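Number of protein chains: 4
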Amino acid sequence: MRLPVPLSGVVPPLCTPLTPTGAVDDRSLAALVEHVLGAGAHAVFALGTSGEAAHLSDAQRRAVLRAVVAAVGGRVPVLAGVIDMSTARVLDHARAAADLGADALVATAPFYAGTHPAEVADHFRRIRAAVGLPVVAYDIPSHTHTKLDAPTLLALAEDGTLAGLKDSSGDLGALRRLLVALRARGLDRTFAVLTGSELTVDAALLAGAHGVVPGLGNVDPAGYVRLYGHARAGRWEDAAGEQDRLAGLFALVDAGGVGEISGGAAAVGGFKAALGLLGVIECAATAAPQGALSAESVAVVRRLLVEGGLL
Amino acid sequence: MRLPVPLSGVVPPLCTPLTPTGAVDDRSLAALVEHVLGAGAHAVFALGTSGEAAHLSDAQRRAVLRAVVAAVGGRVPVLAGVIDMSTARVLDHARAAADLGADALVATAPFYAGTHPAEVADHFRRIRAAVGLPVVAYDIPSHTHTKLDAPTLLALAEDGTLAGLKDSSGDLGALRRLLVALRARGLDRTFAVLTGSELTVDAALLAGAHGVVPGLGNVDPAGYVRLYGHARAGRWEDAAGEQDRLAGLFALVDAGGVGEISGGAAAVGGFKAALGLLGVIECAATAAPQGALSAESVAVVRRLLVEGGLL
Amino acid sequence: MRLPVPLSGVVPPLCTPLTPTGAVDDRSLAALVEHVLGAGAHAVFALGTSGEAAHLSDAQRRAVLRAVVAAVGGRVPVLAGVIDMSTARVLDHARAAADLGADALVATAPFYAGTHPAEVADHFRRIRAAVGLPVVAYDIPSHTHTKLDAPTLLALAEDGTLAGLKDSSGDLGALRRLLVALRARGLDRTFAVLTGSELTVDAALLAGAHGVVPGLGNVDPAGYVRLYGHARAGRWEDAAGEQDRLAGLFALVDAGGVGEISGGAAAVGGFKAALGLLGVIECAATAAPQGALSAESVAVVRRLLVEGGLL
Amino acid sequence: MRLPVPLSGVVPPLCTPLTPTGAVDDRSLAALVEHVLGAGAHAVFALGTSGEAAHLSDAQRRAVLRAVVAAVGGRVPVLAGVIDMSTARVLDHARAAADLGADALVATAPFYAGTHPAEVADHFRRIRAAVGLPVVAYDIPSHTHTKLDAPTLLALAEDGTLAGLKDSSGDLGALRRLLVALRARGLDRTFAVLTGSELTVDAALLAGAHGVVPGLGNVDPAGYVRLYGHARAGRWEDAAGEQDRLAGLFALVDAGGVGEISGGAAAVGGFKAALGLLGVIECAATAAPQGALSAESVAVVRRLLVEGGLL
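Protein chains in written order, with my numbering: chain E, 16 to 326; chain H, 16 to 326; chain U, 16 to 326; chain L, 16 to 326.
Okay, chain E solo, but in the shape it has when bound (with noise of 0.2 Å):
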């Protein structure tokens, strides 16, 4: 299907549920897709940061992609990741999500190699020559050890190179300015901004922004699409209580950070957790080589879940 122009809304990156062996669960993860759209979810984001794009094999993407496709049946528009370290390798990844049926492309800036903004936007001018799909910007330093700047996302939105930036930089000063800039050109209407910041979607929205790719959202979407309802009504109160709870429940992603793991693998560790607690997924472990929850750590999420009205 097309991508909204702007897309909008609430858009879980999904998780990648795993059998206890490794493989790609793809009935936990139908499941997962029927949580988030149940909960009405305006779009899905596969391969993401919180999908463990990172740790999975090409097999294993394309598997998920394959399993994401078919269980939204076209509800609503699917987003694939296709981060890689380079361009030639994020073109592979794109031309396979195109082939798989992924209405959009989800690409980072370079990384590993250092780069330069104009390599930037050749990166990303390269992979929307190549592929028929919207492609839309992850800006994510915290992994990519780039920021993209807002001179070459306001080029790359101009020229139509991108449909949009998935903000994931926690700086919502810059995305503030980038929004500022965006509508003194008109490009609001057709470059869609989301933000990946869980805890601050109410100020996002308030700041202009289309929608929102919360990683808790695969835990309780509901309360996102909440809180984004209550944004678009203009009850700024009830949206910013309603990330107030999910503030708290976000707690989760620290629940594992404990022990011989690292806080990626405790974040996406206590979602899975989560989603195994609600019985959405089978399992809840994460792909090697990251640690997993003790006992004690699932026992928070539990706590959490119950806190935060989920349990």
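Treat the hints as calculated values from the structure; they're not laboratory data. Quantities reported herein were computed from a predicted structural model and do not represent experimental measurements. Each residue gets a CB set at the ideal place from its N, CA and C atoms; glycine is no exception. Do not take every clue at face value.
On the chain H side, residues computed to face chain E include the following (Cβ under 8 Å) [as the list claims (entries may be wrong)]:
{"hint": "1", "residue": "VAL195"}
{"hint": "2", "residue": "SER212"}
{"hint": "3", "residue": "LEU221"}
{"hint": "4", "residue": "ASP253"}
{"hint": "5", "residue": "GLY256"}
{"hint": "6", "residue": "ASP259"}
{"hint": "7", "residue": "ALA262"}
Starting from the structure of chain E, add chains H, U and L where the hints point.
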């Protein structure tokens, strides 16, 4: 005067006008105080980062504080920055500030040498114990290279060490989690959360912050007072509109950002150039060794003031 | 062929010559292999950072390795880079490298997503277990944003997971502490420490390193072989003199460093421009989206080759 | 006394012994001076990072310098650190140091606020112009978050602003490129390059550095004097052997590195614990707010002294 509990509203971090030979310009400083108080500022903060505290000698710091206390004349509280590398040096500044009539102290974590959170907590406790003034923690990791973490801040709020936080970290997600945690403990009634991020004040207030310490509030204090008023009255879209206008004006921090000048010098130089063009201060010079804005840069500042409706 | 235990000597990380249309240029790659083997290189390393592994598709990586293995023809060991974001993807590269005839694997820590040292150790253990080839750890925190720590490396040396380390961290102090610790355990007889820092090879050898993997060794392999020979013979001041000459030549990595080009592209572009001027490879193009050296930059490269006695 | 041109040899950055109540302990400081001069140190450096300059009040800094100048009594040059946030403040320290009899000044780039290289150069030129003492630049980006770049250093060496460099950047590759460039301009005869990296002194001397400023030289000055002697005599493998022994001893900086203590406090605390155990100073306390070494940590320090042949 006693600091309100909790401190709230618009608290401009005053620039330090200098004469062409680099001395503190008391008359311009007094005029700047009138500029912000006339616009309705609720307190003033002397000797912060916008006040070029890093670039002033101890004698100049005392001169600034003396002039500000005199100019304010008890109409609003005066917060005094006591920014320095470590505890012993901060204590010297703190005692001087108390002697000169400051109403509260604003202190960062130690810097230059690294720190452990327990050492940071000890640092703030020693300041609080030594001087009979409320202490506000100043979180500015871009300058100190230490982020004040939530457990430390909550402990120091709980035991009365800190009267508040000036958050210049730019991390609104962390700020929201802190606000939720403060409210859960009832500490939001005594501990003031002030954002130092000029571009997301509407967002911080929506999230429950008590006020704002905006560098740009030197130039347009009335804008921030209006923004604050809208927020307090629940007119969130008006607040966002005002914030958008201020975000456009904020471009003056970049006006000088070409040539042989640091980002910080360009920002403070932009504020001072604007204050000069508005007729508030006499000389826009910044302290050595900071580079100066070119004539072209000053012309950009002028254009931005016109576009922002200030000139 | 079996990797020597421990591996030692000069191991150039081969550039990947490309045709003007971006295909792997087998003939130039074979000529580059002759260039370095003719100079006395003790092994070669394909698909490292200098080999633009980050910018090559999987098919191109396989083409490179196939061409290198064929060109080397068993005269020296071929190490194959298997650089990728995480374990599953590295395993795919590792199996391909084994099939294509590589003699050892060179793997970084996972990147993009963060890691915990225990996860890094698990990553290397899984690679070692899955493929019957020696594994060399590649420490390049400028690119992976993880520093391999000494306790992890010592554990992986001790249990036989790792056959060595390519240290491109630039932290010679840490390297010395590691070397002292390896010797104290007798592990220096089986675990090879290779420095990737082109400018401190004399120092690393004096500290006990076994060899060097110099990007600049593409251009001047004979210089590094001489340096290595001086060091092995205890002629330390001759080694330092040769190192000084190479440090002057190293300026070619900066030749392209103006204009719209990243530092990495300028470095590899400088190596390739030099190889083109020396008549070793046909085309100096780098892979997209990297910027190209200007004619002025190439003229600087030419001058440096003349000054360095290579042209 | 006049600083040798260029300064060379072993220049311990003196620790600052404190009494249990935190006052500068003149007697222990004098004993420490004898400890290092008795071992053959060629100069001393007061008020550096190892001297806890960041943690001392202005009055304490003056007390330290007064005591060191008195204890040295003209036997070797006394370098005085004038570490502070920016030019005006450094100038105050510089004038005080000149009054107290220092023979040279050691100044970092400005910190807390960011800098542009042109501002850094202006900073050093203002210090040199204001005070009639040689100025040594102190490059310590781990603390200042600015790396002094080669073009700036070469310009300041060429125009006589700087008498030398204390390089604590840990970047021996950059140091080598600087040394090569200095020699190409004949500046190595007037501009002293001193490494502050305790673990690569042999390497820095082999590359042409003039001397070393080793924090660990507080504990084992004789070891560094031997290392320096071996290097000057061309006994490079003996130098490396001595360096290896010192690298083992250096583990005492990590002895305290568990518990609620920063890395810097653990390092200085380790030096001071060792000096206490060796009977050089009376009390091993560090300045507030730094955490203290536990009894277990002190036991590790003792073991390392025994293993290193010092106890």
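Any hints from earlier that this structure breaks? Give me their numbers in increasing order, please.
Violated hints (numbers, rising): 4 and 5; every other hint is consistent with the structure.
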